[in-house]
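Number of protein chains: 2
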Amino acid sequence: MKKLLTVLLLLSTLLAACGRKSTATPAGGGLPADAAAVAAERGLTQDDIYAALKTYTPSGQLDPYIMIASGGQSGQVLVLGVPSMRILKVIGVFTPEPWQGYGFGGSGDKVLEEGYVDGKEIKWGDTHHPGLSETKGEYDGQFAFINDKANARLAVIDLRDFDTKQIIKNPNAIVDHGGTFVTPNTEYVVEGPQYATPIGWEYAPLAEYKDKYRGLITFWAFDRLKGRVDESKSFQIELPPYWQDLCDAGKAVSDGWVFCNSFNTELATGGAPDAPPFEAGTTKNDTDYLHIINWKKAEEVFQAGKAETINGMAVIRLQTAIDEGLLYFTPEPKSPHGSDVTPGGEYVVVGGKLDPHVTIYSFDKIQKAIAAGGFEKDQYGVPVIPLDQSMEAQVELGLGPLHTVYDDKGYAYTSLFLDSAVARWTLGGPYASKHPEQPWTLVQKLPVQYNIGHIAAAEGDTASPDGQYVVALNKWSIDRFANVGPLLPQNFQLVDISQTGDQMKVLYDLPIGMAEPHYAQIIKADKLKPFEVYPEVGWNPDTMSVDPNAVTEPAQARVERNGSTVEIWMVVVRSHYTPEIVEVNQGDHVIWHLTNIERQRDATHGFGLSGYNINLSLEPGEAQTVEFDATQPGTFAFFCTEFCSALHLEMAGYFLVKP
Amino acid sequence: MKKLLTVLLLLSTLLAACGRKSTATPAGGGLPADAAAVAAERGLTQDDIYAALKTYTPSGQLDPYIMIASGGQSGQVLVLGVPSMRILKVIGVFTPEPWQGYGFGGSGDKVLEEGYVDGKEIKWGDTHHPGLSETKGEYDGQFAFINDKANARLAVIDLRDFDTKQIIKNPNAIVDHGGTFVTPNTEYVVEGPQYATPIGWEYAPLAEYKDKYRGLITFWAFDRLKGRVDESKSFQIELPPYWQDLCDAGKAVSDGWVFCNSFNTELATGGAPDAPPFEAGTTKNDTDYLHIINWKKAEEVFQAGKAETINGMAVIRLQTAIDEGLLYFTPEPKSPHGSDVTPGGEYVVVGGKLDPHVTIYSFDKIQKAIAAGGFEKDQYGVPVIPLDQSMEAQVELGLGPLHTVYDDKGYAYTSLFLDSAVARWTLGGPYASKHPEQPWTLVQKLPVQYNIGHIAAAEGDTASPDGQYVVALNKWSIDRFANVGPLLPQNFQLVDISQTGDQMKVLYDLPIGMAEPHYAQIIKADKLKPFEVYPEVGWNPDTMSVDPNAVTEPAQARVERNGSTVEIWMVVVRSHYTPEIVEVNQGDHVIWHLTNIERQRDATHGFGLSGYNINLSLEPGEAQTVEFDATQPGTFAFFCTEFCSALHLEMAGYFLVKP
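Residue numbers (the working numbering), protein chains in the order written: chain A, -18 to 640; chain B, -18 to 640.
Here chain A stands alone, though its shape is the one from the complex (with noise of 0.2 Å):
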């Protein structure tokens, strides 16, 4: 009877589905008898119905929540639909990418040439944590940030047209891991450090490692209005040489305050074989220090000129730090991966990797102690708050914790990289009558495939997150994928967290096979309010203005010479160039102003020069300026690189080059 009424349900569901325009309702009506058919011959279970049911997007349904992922050591930064777990970008960030004539002769090479690293061209990046722009603690849809890992660099992208516009340098670390973490009105992005160097990454014998490496947590200041990164308002903090690793910056209650953990308080300097590899030497101490950071107060100090200037960057130093007050250490479980505030900013969690516990403090227990005073130091003398001066309660999940996410029931998620799983908890405080659970407990253990490294949350670092889903960004896939080589994919699994207690469920594998990515925000779709086609004819994204160089109709498309200097005026429409044919002289310099007049959605023209290492994605409305010198003579063939119509293989020129 149970599953007669079961039927019934599925029946009328379905009959109610119907509204929507189906072009193959079947003679009887209710559930196509062919789909059974085919759940049969591909032996779905029952939970795999669900989850296909859960997933599955329509053509042209849209997905209600953007994913923005981290691509690691692809140096990019993935865009993905929530629940249909599908790529809708890959947007180049610190490696060129010529689909969207990222690098290749249009305004990203400035972009690029910005990330030298003293004038040497680096080309990728290792991308970790995304940041998406708040205004009080929720996410406003305005822009992303990333960092790169492997040269100690920021990227500001513009969520109007996910297009990078700024790589930053950090002059004072080669090396970054803890950013980007934004603080609740994206005053500002903050980076935090990872392997320590002398400041300036300065040559220094490891011998001096005690004495001349130092951590450096950078605070970027925003500057929203123009869409970048302002130095000159950026400051850092020098810390001990500690191997930092996440951040987190607190919010509402704990707004204000930044909190780190670090890995490396023993000052292990390896030295494999003829010493304990780092892996050995920096897990000796039981506990590590978890950073407590009034970066508030240290913007008081910085602007009272209390900073010294390094490499051009405002530095305060470990000293007036502690003086100041801005710095506090507490004892935290060995090797910790995550420092996750809790949405209300009332607790800080920490998932120590070698314990099985992830423990929790109280940003209220924190203040009381500091006010208090009278803390013993450690070498080199911050103030150390005792654990049970902190601590507000520790939960015992499993092998491998790393990182924490919250939703709007009141439970936390884990991901236990050893045990393979997403462990979902509970918290305590205000968020106790949230679930029907006690506080402060484990709930469910769920298997995830395999090595899961972050997890993310709908909205999940906001002020207000979404519940719905988790995504278990998982390091290996080993089994799960066709064989495709001894290079294998990440896999994304995506998770319905909307039942309570042991309900989670993994709905979807999606592999990544482009990236390792670190971590990701989930955003609600509807905050974002991209650009559909560039505002105006003759748009430069780089200025996110008309460009007084474009050529909006094709009567003021021309050529001109100037000297030994060739400059071109070109309209770009389907299906043609204007102008067609383009003659210099060897040894010429041109300038090749381009634009796209189109104003229709998806009218995007592509420009590929061949030989020259030059291509373009001029989308609807944009202008772009290439600027280079003919040093190669012959006959080349410019032609558009995007599928734009049926004559779009006619849509070519050729560039002559006279010896």
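Worth double-checking, as some hints may not be accurate.
Put simply, identical chains are the same to the list, so a pair is met inside one copy or across any two.
Said to hold, decoys possible - Distance condition first, Cα-Cα at most 30 Å in a straight line; then the derived DSSO-like pairs of lysine-lysine:
#1 Lys349 to Lys91
#2 Lys214 to Lys91
#3 Lys91 to Lys117
#4 Lys101 to Lys150
#5 Lys104 to Lys390
#6 Lys91 to Lys104
#7 Lys104 to Lys150
#8 Lys191 to Lys101
#9 Lys639 to Lys191
#10 Lys486 to Lys358
Simulated from the structure, these hints should not be mistaken for laboratory data.
Predicted model only: the values in this text are computed from it and were never measured.
Could you slot chain B onto chain A? The hints should help.
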């Protein structure tokens, strides 16, 4: 009653599927009520449910088909699973790709350098038409080939490790399009031309277009044992400057022949705004020429020494090709695009973009006409077979027919760009008995979203297509996906062709937001036999053998100085590098050998070196060598860029460069 039967059938099949492990079988058995509720809540129609169950691929289930698609102007190749439509891998080919460590210090650098144009660094490509190696006209799963239209280059990908092994620059052409197509036993990889230039792309004014500009078709001899193109055994045929487009190799009865179309028999040289643009100039004539080339005879001519060597490459001159009977033309509808040989080799189907028909040519008729002889000649002296002596049939399909693929039921599928539709139509001759409809008849036009370019079918380019699926490679997506800015993804739509008649259905929309794929091959997954890990520790993916500098155990790890050259032999394993500290002097030449000694599948390690633009991906067993000058003084970190273990962050070391 019908409904009830449907429901009962569903129930029984679902219960049958319950043999597979289900983590949450509902108490009542049968279809979970929550699945029905989800379908209603998400507004899924009956067709949607069918499509969801037809495509959803549960965790750990493997796709039966693998699609290998070009990545357009991204310069890369995409690997996808069908029917799940998930991207399994992006292979770095013409553009550096740091996730794979391709172009950032390892052996990929050499491959990319082979593709430079006259010494000019070219770091992107415009990939168009991937080909798969074949044996007896069937995909054999060994190699993939891809062209770069922008610079007339060809790349070879080994499907044992999905790694690009070779890039070869065409020494006489600067732009191509009609590549790559393989002959039935992969004797040759065919690269067709496109925008004509003087041979070797030497400078010549456009006024001399007719006399000096030429098309060139290249037959790259493939050495299957070496896995490389052998230039010394390759040859080219000079063609009139007719902007040859796509080609296809004959098979079975037509083995030994190649068929290419063309679209500028007008010899238009553009010149907008002062003369008609190419768009108009190249579409004046009602017909262009299908090129019919006897490659087996051309091979004999080449081997008989009748080719001329130009820029190191054997070129059969146009007059020789005419004299030796290698080259014939026959008229084809204006501005053709696809040239597609039927599975048995009997027919060539050509779509004329500006003509609503596809034209079907009979190889048998062509052979009879050639035997009979006595043709008119075109302006370059090439014999032209009259259309009534070569044509078998014409089928009116709709607006903008581009490209045709085949199934196992005697149907052909043609993309209609302007109609935004997939046309299913019937073949005649030996295929007529396979389908219930009249031969040479349109059966169904399925709308797709939007502007379909190419179309791919399961095993569709082989002598025995599989049916089941075609994929529409749509160029525009407009309103299909959430807005992620003015550069929109492409849209791959999976189409169910398993039913006969007018029962084609769109099953799935996959955004491609990283590339503009042009064409794809779909191969049965079980034909591929990729390595799970490299066969032996110390494997060099370039030589596909153990590297003499591999270090297979930590005891061999060392640093040696020889004058100003420092050579490092490094062992890489979870979770450390040995040696861990490397110190050199500024200006030293550094040769760094690294071996990942892991044997566990998916145990890849990275090697990122800050400040030096170096990143490797070391898959289990892989050995790589990086060579560079230590130009930048200071303290740098190197670290694992592929999350490998709970102590992955501790897998790091210092590279000290003493000023």
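Structure-based check of each hint:
| no. | hint | result |
| --- | --- | --- |
| 1 | Lys349 to Lys91 | neither (49 Å within a copy, 61 Å between copies) |
| 2 | Lys214 to Lys91 | within (22 Å within a copy, 44 Å between copies) |
| 3 | Lys91 to Lys117 | neither (33 Å within a copy, 51 Å between copies) |
| 4 | Lys101 to Lys150 | both (12 Å within a copy, 29 Å between copies) |
| 5 | Lys104 to Lys390 | neither (43 Å within a copy, 50 Å between copies) |
| 6 | Lys91 to Lys104 | both (12 Å within a copy, 17 Å between copies) |
| 7 | Lys104 to Lys150 | both (13 Å within a copy, 24 Å between copies) |
| 8 | Lys191 to Lys101 | within (29 Å within a copy, 47 Å between copies) |
| 9 | Lys639 to Lys191 | between (62 Å within a copy, 19 Å between copies) |
| 10 | Lys486 to Lys358 | neither (46 Å within a copy, 70 Å between copies) |
Taken one by one, the earlier hints fail for this structure at numbers 1, 3, 5 and 10, listed in ascending order.
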